[in-house]
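S.K.: Below, each chain spelled out in residue letters.
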Amino acid sequence: MNGALGYLLVHSAKNRLRGQISRLRRPRYLLAVLAGGAYFGTLLFNSRMPSPLAGSTSSALGQLIYTAIIFVTVASGWIFGSDRPALVFSEAEVQLLFPAPLSRASLVRYKVAQAQLVVLFSVIIWVILLRRGGMTLPFWMRAISLWVILSTLYLHRVGASLVRTSAASHGARGVRSNLVPIVIVVAAIAVVGWTIVRAMPGVRAAMMVGESGDAFAKLSTSQPLATILYPFHLLVTPLFADSWRQWLRAIVPAFVLMAAHYPWVTRTDAAFEEAVADAAARRARAAASTRGARRRPMVDAERAVPRAWFALAPMGHPAVAIVWKNVLAYTRTLRLTTLAILVVGVGVIGSAVYTQVGDWHELAAVGEILCAIPLGMLVVLGPGFVRADLRQDLLQLDQLRSYPLRGSTIVAAEIASTTAILTAMQYLLLAVATLLASYDPNAPVPVAPAALIALVALPTLNAITLTVANGAALLFPGWVRLGDGRAAGIEAMGQNVLAILVSLILTMVALVPPLIVATVVASMVDAWTKQPMGIWSFVPAAPIAALAVLGELWLVIKWLGRVFARTDLAQIEPPG
Amino acid sequence: MIDVENLTKVYGDFTAVRALSFHVAPGEVLGLVGPNGAGKTTTLRSIAGIIVPTSGTISIDGDDIATAPERAKARLAFIPDEPQLFEHLTVEEHLRFIGRLYGVSNAPALIEPLLIEMELLEKRNALPAALSRGMRQKLAIACGLLHTPSALLLDEPLTGLDPAGMRRMKSTIASRARAGAAVVLSSHLLQLVEELCTRLLVMQRGRVIALGTFAEIVAERPQLAGMALEDVFLALMDEGERGDRAGAVP
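In order, the protein sequences belong to chains A and B. Residue numbers are given in this note's numbering: position 28 of the first sequence equals residue 28, and the series is strictly consecutive. Residue numbers are given in this note's numbering: position 24 of the second sequence equals residue 24, and the series is strictly consecutive.
It should be emphasised that the hints constitute simulated quantities derived from the structure, not laboratory data. Hints may be right or wrong, so weigh each one.
For each label pair, taking beta carbons as the anchor points, the in silico distance ranges come out as [as the list claims (entries may be wrong)]:
#: 1; chain 1: A; residue 1: Trp-559; chain 2: B; residue 2: Asn-6; range: 43 to 53 Å
#: 2; chain 1: B; residue 1: Asn-36; chain 2: A; residue 2: Ala-424; range: 25 to 35 Å
#: 3; chain 1: A; residue 1: Pro-532; chain 2: B; residue 2: Arg-71; range: 55 to 65 Å
#: 4; chain 1: B; residue 1: Arg-71; chain 2: A; residue 2: Gly-551; range: 21 to 31 Å
Away from chain A, derived, C-beta distances all over 12 Å, residues of chain B [claimed, not checked]:
#: 5; residue: Ser-21
#: 6; residue: Ala-48
#: 7; residue: Ile-50
#: 8; residue: Leu-85
#: 9; residue: Pro-108
#: 10; residue: Ala-140
#: 11; residue: Leu-161
#: 12; residue: Asp-162
#: 13; residue: Pro-163
#: 14; residue: Arg-167
#: 15; residue: Lys-170
#: 16; residue: Arg-205
#: 17; residue: Ala-228
#: 18; residue: Leu-234
#: 19; residue: Arg-242
Positions of the beta carbon are idealized from the N, C-alpha and C atoms, including for glycine.
Next up, chain A with everything else stripped away, as it sits in the complex (with noise of 0.2 Å):
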């Protein structure tokens, strides 16, 4: 790499490093680390311990399911990943490295090389998290096997925003340019899911028995499924090698996949230069609209303005206008065309598994899978990635403070707005699940008391898991993403799966005493009608615990209002 990107490299991770440590000199930072370390170096050294992702890694069915976690991965950075290029640079380096005289491939060599802080901060949360679950190596070696996952993975991840780019921006040319990948993706998802359809039937049953995981696991051998996920496999095989040897034998491979992917990603460099340069003109007509000029702004200043969905009235409470402002700009960063492609493929997966069971009972089980996956995705990683409250408004603290609002009133509506969004995707799954499960006479629970249940849980979840996470971008602004910047792609999964996890530990704890409450309610219901009335007890109970969750609720966010009132700026840009 070139002398001065390998100074700028060093320098910037240095002071970086240096800035978080004197973070440290705050009690609360302080007290948050040492809590973490605690706890994860007790992960880490103690082998009595369970690992919080134990038992997901045992055996021939943790490497199917890594696989197949990999694969999606891939598939869907083809088919949902960004038209722009996965290279994104800051205003800086857009400013002083392009009009430098350093080649392109110094430019992607630069990226490439800064990617890899985020890798190997990944890959010690990844070795913490992995820690047993079925993986005898010793802890270096799954570093070094998850480093070429993560490492692989990125490397694809650019090479694919390359590909879109350029066949974004050329059309018919830039198809026919990239063709060769296109077509391989393309047909390898068309064949696994293709198969994953045929082979649906055999599944469920399997699955009835209780012998899922063997059927899944003969799917995954049968011809053409072995060959598209063989280098999928191969990427995953060291992890799960049970001697040095074999993992030697294992890695090496591996090692060549991820190898390869570097001419792949500066061969495209052509289609790279030319999405910054498209991106630096649109940087040149649009500068930055907040104060946080740090990040480029995300929307495109020339695509029409959707109107806004409901009209917000001149007169009524306050905070409603913060809602009304977070929901629509939410709305207005939705893709249609991700939406269109979901709506599409399901479709496309339901007619294809009718027309193999011909069967609407059948088909409606299916359904109820494909709601309910989602929905529980939302439940846990959705309050991470809708972010249109504190943690997208936090970068704009001088205007949310200059509002004739109270701290605790403008954090209530921040965290409404995300509930209120959440909320609304998680009602349409749920709505269509429960209309499917109506036609399943083999639905897991009785459709109508959970569905109800689901009701007033969803919302009542929602707001506990979106406060926790605002009140972690208030509390620890410098740890915490703000604007809309995300970390994407699986390389920063570490850093997502933390605050996952503490989100799920706070959560939990916050669920204690709405569970207690709801389990005496129900045990009251029981004993008034004089008979086990099962999962219809918790209906009456599921609004009096969701009471008790607004009570803890508003004692965090009164909390969390003074110190909005007094978050000091400077964690957040140097004092005027």
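Given chain A's structure and the hints, the job is docking chain B onto it.
M.R.: Leaving out everything else, chain B in the frame of chain A:
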């Protein structure tokens, strides 16, 4: 009106503003001038309730910004040097949003005239990313003016504006002051300060060097008589430096 009493703001071991006191009456335009790092922005942010002062009191129309922040903030507008806008709201939506926040019942009727005044009517459906630096500045100012504040805090309000925009902005500020607003204007443009401000507050390293009308400041320092504002400003900075060197300020 704006009342500031003994305002002090300390960051760690650095004192950004030191025992600052002043009063701005309705219709008055106070020019806040000083070199970079003098504490001008910190002063404005403290008055706006964005920064919590280390000590001292600030009140807007009699409402203390610390004890009655909502009432005080409802009557003031702070327009920062770098306009802060929401990137997913259009120009008009910004104004509707601000109207609701500040409870401006006739906001829909006020928006169009304000957009005309700020020459933003054609851009009413544009997102901030599609606006030039000057237009974004005008939008920030429009947001600040919508609720007809009685205290107006402006930090470098002419940044990014073209000559015609500057002239229009000066006229807007003057007309708001004539309508009874107490204005505090921070700027490095001494010509603007001279043209608009009825009084000056000269700051250096967080403390007051001079406060009063131009004539009063010069009258206290006969050696400055006959000098232009720029020369007076530089002489005051020298005076401050000498005071610091002599250890006049602890």
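S.K.: With reference to the structure, classify each hint as holding or not holding.
M.R.: Hints versus structure:
1. A:Trp-559 to B:Asn-6: 43 to 53 Å: Violated - the Cβ-Cβ distance for Trp-559 (chain A) and Asn-6 (chain B), about 30 Å, lies outside 43 to 53 Å.
2. B:Asn-36 to A:Ala-424: 25 to 35 Å: Since Asn-36 (chain B) and Ala-424 (chain A) have Cβ atoms about 48 Å apart, the given range 25 to 35 Å is violated.
3. A:Pro-532 to B:Arg-71: 55 to 65 Å: 56 Å, holds
4. B:Arg-71 to A:Gly-551: 21 to 31 Å: Since Arg-71 (chain B) and Gly-551 (chain A) have Cβ atoms about 29 Å apart, the given range 21 to 31 Å holds.
5. Ser-21: The claim stands: Ser-21 (chain B) keeps its Cβ more than 12 Å from every Cβ of chain A (closest is about 21 Å).
6. Ala-48: It is violated; Ala-48 (chain B) is separated from chain A by about 5 Å at its closest Cβ, not greater than 12 Å.
7. Ile-50: 4 Å, violated
8. Leu-85: Not fine: 5 Å to the nearest Cβ puts Leu-85 (chain B) too close to chain A.
9. Pro-108: Non-interface label on Pro-108 (chain B) violated, nearest chain A Cβ at 6 Å vs cutoff 12 Å.
10. Ala-140: Violated, since 9 Å does not exceed 12 Å.
11. Leu-161: 14 Å, holds
12. Asp-162: 15 Å, holds
13. Pro-163: Holds: least Cβ distance 20 Å, greater than 12 Å.
14. Arg-167: 23 Å, holds
15. Lys-170: 23 Å, holds
16. Arg-205: Nearest chain A Cβ is 14 Å from Arg-205 (chain B), so the label holds.
17. Ala-228: 28 Å, holds
18. Leu-234: 23 Å, holds
19. Arg-242: 26 Å, holds
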